[in-house]
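Colleague: These are the residues of each chain, in order.
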Amino acid sequence: MIAHITLTLPQFRRGFHIITEHIERACVEQLGQLPLNGMLHVFIQHSSASLTINENADPSVRVDLEAFTNKLAPEREPYFIHTYEGDDDMPAHIKASLYGSSVTVPIINGRLALGTWQGVYLGEHRDHGGSRNLVISVVN
Amino acid sequence: MIAHITLTLPQFRRGFHIITEHIERACVEQLGQLPLNGMLHVFIQHSSASLTINENADPSVRVDLEAFTNKLAPEREPYFIHTYEGDDDMPAHIKASLYGSSVTVPIINGRLALGTWQGVYLGEHRDHGGSRNLVISVVN
Amino acid sequence: MIAHITLTLPQFRRGFHIITEHIERACVEQLGQLPLNGMLHVFIQHSSASLTINENADPSVRVDLEAFTNKLAPEREPYFIHTYEGDDDMPAHIKASLYGSSVTVPIINGRLALGTWQGVYLGEHRDHGGSRNLVISVVN
Chain F
1 MIAHITLTLP QFRRGFHIIT EHIERACVEQ LGQLPLNGML HVFIQHSSAS
51 LTINENADPS VRVDLEAFTN KLAPEREPYF IHTYEGDDDM PAHIKASLYG
101 SSVTVPIING RLALGTWQGV YLGEHRDHGG SRNLVISVVN
Chain S
1 MIAHITLTLP QFRRGFHIIT EHIERACVEQ LGQLPLNGML HVFIQHSSAS
51 LTINENADPS VRVDLEAFTN KLAPEREPYF IHTYEGDDDM PAHIKASLYG
101 SSVTVPIING RLALGTWQGV YLGEHRDHGG SRNLVISVVN
Chain D
1 MIAHITLTLP QFRRGFHIIT EHIERACVEQ LGQLPLNGML HVFIQHSSAS
51 LTINENADPS VRVDLEAFTN KLAPEREPYF IHTYEGDDDM PAHIKASLYG
101 SSVTVPIING RLALGTWQGV YLGEHRDHGG SRNLVISVVN
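Residue numbers (our numbering), protein chains in the order written: chain F, 1 to 140; chain S, 1 to 140; chain D, 1 to 140.
Hints in this document: simulated from the structure, not taken from any laboratory.
There could be a bad hint or two in this list.
[What the hints assert, rightly or not] Calculated pairs, BS3-like style, for lysine-lysine (alpha carbon to alpha carbon, straight line, at most 27 Å):
no., chain 1, residue 1, chain 2, residue 2
1, F, 71, S, 71
2, F, 71, D, 71
3, S, 71, D, 71
[What the hints assert, rightly or not] Each pair of labels, with its calculated beta carbon distance range:
no., chain 1, residue 1, chain 2, residue 2, range
4, F, 74, D, 33, 33 to 43 Å
5, F, 109, S, 83, 25 to 35 Å
6, F, 74, D, 110, 39 to 49 Å
7, D, 75, S, 86, 27 to 37 Å
8, D, 21, S, 128, 43 to 53 Å
9, S, 83, D, 130, 26 to 36 Å
10, S, 1, D, 13, 37 to 47 Å
11, F, 74, D, 67, 15 to 25 Å
12, D, 59, S, 140, 12 to 22 Å
13, D, 33, F, 85, 50 to 60 Å
Ideal placement from N, C-alpha and C gives every residue a C-beta, glycine not left out.
In isolation and in its complexed conformation, chain F is listed as follows (with noise of 0.2 Å):
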C-alpha cells in the first residue's frame, strides 16, 4: 500500500533547516499515524532546494554545512550564462543536484528509523524561495 501526502512547509530564509518534525506532524495529521513497518520517502517538487540526512543536534553543522556549500557553488561564476533570475539562481539549481531531491527512510515499529543524531534537512538554496511543497510518500 502506498499513501501519499502533499506538504506545504513554511518559508525558510536561505540555507539548512530541520524539518523531521514537520514531516513526522504531516503524517499524524493527514494518515493518522506511520504503520509499524514500511518506508518513508519525502520528494521536494522544486529544482533550487534540496533534502538531505544530517546532524540533527548541534545548530553549527548547519551554519557550516550553508557556508561550505556557499563556498563550493559561489554566485556571479563569469561562465554562468543562467543568469537571468538572479545571482542565487544557478547556484541553486547546483546544490540541489549535489543534495538532491528526496530521501527514504525505513519505518520500525512506528517510527523512522533514523539513527540517534539524524534529521531531514530542508536545503533552501534561494535567497526567496517562498514556501516549499514536498510529496511524502509512506510504502508499507
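Could you slot chains S and D onto chain F? The hints should help.
Modeller: Positioned in the frame of chain F, the structure of chains S and D alone reads:
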C-alpha cells in the same frame, strides 16, 4: 507489486540531458501505462554516469551545471592514480557519486509527481560513454 | 511486503570501502535469501559516514575518490564553527550529505541488479568512526 523494465538510452554526448520522456515512453511501451498510485525508481547500471533531477526548461541550466561539474572535478589532477582509462575516467567516477545513481519519484494519478519545472537528468560524464542501461522499477 | 534487518559493519578506516558482500551476506543470513523480484534499500544511521555506488574493480578508484573528497571538503577551514568534535568532524558531516545516506538497488531474479562494474561503497569520513549501523530494507 513491483515491475522492472530495462531501457537502453541512445548515446548522449558528455553533459547533462533531460530523459524524462525516454523514461515515460519506456513505461508506456513496456508496461502499458503507469499505475494510478505508486513510486518510480530509476537506476543507472554504470559508475561513470549519474541520474539527478533539475530544471526542465531553460537549457542554460544544463550547460552551467556541466561547466560547474568539470571545474569541481577536473581532469589530470596530479594526485590521481586511476588514470589508465583516460583523463575523463576518474572525474567521471567522482561525478557519478556526487550526483548519484538513482532517482525516486512518486506516481500520483497515473503521472510522475515532478514539480512543474523538474525533469530527470542523465549525467553523462565520459567523453564517449556509449549507450547507458537503466533499470526502471515501478512499485504499486 | 517489507522486511528490515540491521547490519553492524566492522570498523573501517577513513576512506571508501566496498560493502556489497556484507549486505548480501546479511540478507542471506537474516532473511534466508533475496526475493526473486523487489527493491533493496540500505540506510546508514550516522551523519558522518555515507553510502554511494561506484566501481567495484580497481581499488585506485576508491583511493582517488577519497583524495578528491578530502580536497573538496578540507579540515580546519577558518570559517568552521563546529570544531569541538575534532578536525575531521565537520568535513565528515559535509561529505555525508554530498554522497548521501542511502542507496536503492532493484532486485531481479533474486540478485541485486547492479551493473557489472558497480558495488556499494561505505564512505567512512571520520578518522575513528567506529562500527557503523545499517538498516537494510527489502521490499517485494
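Colleague: The structure should be examined with respect to each hint, and the outcome stated for every one.
Modeller: How the hints compare with the structure:
no.: 1; hint: 71(F) to 71(S); result: holds, 13 Å
no.: 2; hint: 71(F) to 71(D); result: holds, 13 Å
no.: 3; hint: 71(S) to 71(D); result: holds, 13 Å
no.: 4; hint: 74(F) to 33(D): 33 to 43 Å; result: violated, 50 Å
no.: 5; hint: 109(F) to 83(S): 25 to 35 Å; result: violated, 49 Å
no.: 6; hint: 74(F) to 110(D): 39 to 49 Å; result: holds, 48 Å
no.: 7; hint: 75(D) to 86(S): 27 to 37 Å; result: holds, 31 Å
no.: 8; hint: 21(D) to 128(S): 43 to 53 Å; result: violated, 32 Å
no.: 9; hint: 83(S) to 130(D): 26 to 36 Å; result: holds, 34 Å
no.: 10; hint: 1(S) to 13(D): 37 to 47 Å; result: holds, 42 Å
no.: 11; hint: 74(F) to 67(D): 15 to 25 Å; result: holds, 23 Å
no.: 12; hint: 59(D) to 140(S): 12 to 22 Å; result: violated, 40 Å
no.: 13; hint: 33(D) to 85(F): 50 to 60 Å; result: holds, 51 Å
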